[in-house]
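Novice: Sequence:
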Amino acid sequence: TAVTLAVRAALRDRAPESVRGVAVCSTSGTVLLTDPDGRPLTGGLMYDDARAAGEARRAQEAGAELWERLGHRVQPSWALAKVLWL
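To convert, note that position 8 of the sequence shown is -2 in the numbering used here; the numbers rise steadily by one, no gaps.
Hints listed in this document are in silico derivations from the structure and should not be mistaken for laboratory results.
Given the structure is predicted, the values throughout are model-derived calculations rather than measurements.
Built from N, CA and C at the ideal position, the CB exists for glycine as well.
Zero decoy hints are in this set.
Computed beta-carbon distance windows for the label pairs:
1) 9 - 65: 26 to 36 Å
2) 51 - 20: 23 to 33 Å
3) 29 - -7: 15 to 25 Å
Please take these sequences and the hints and turn them into a complete structure.
Specialist: Quick look at the structure:
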């Protein structure tokens, strides 16, 4: 795939022992927790998963002053709320 080719090209001139991990990101806010060896501990929570609505409210209330100053409301789709939900 294009991702495989891009990762191989990026790592071509690196010693394998110097690579501690590889992360690939796109515009999607999908969350997946892993163990220290990179093995998945959870299923992926897709960018539009809104099951963390209660956790988003709790995070909003806990940091209300900061969120107001930043002009944001914590959304259920954000990684913070999703990790709290997990």
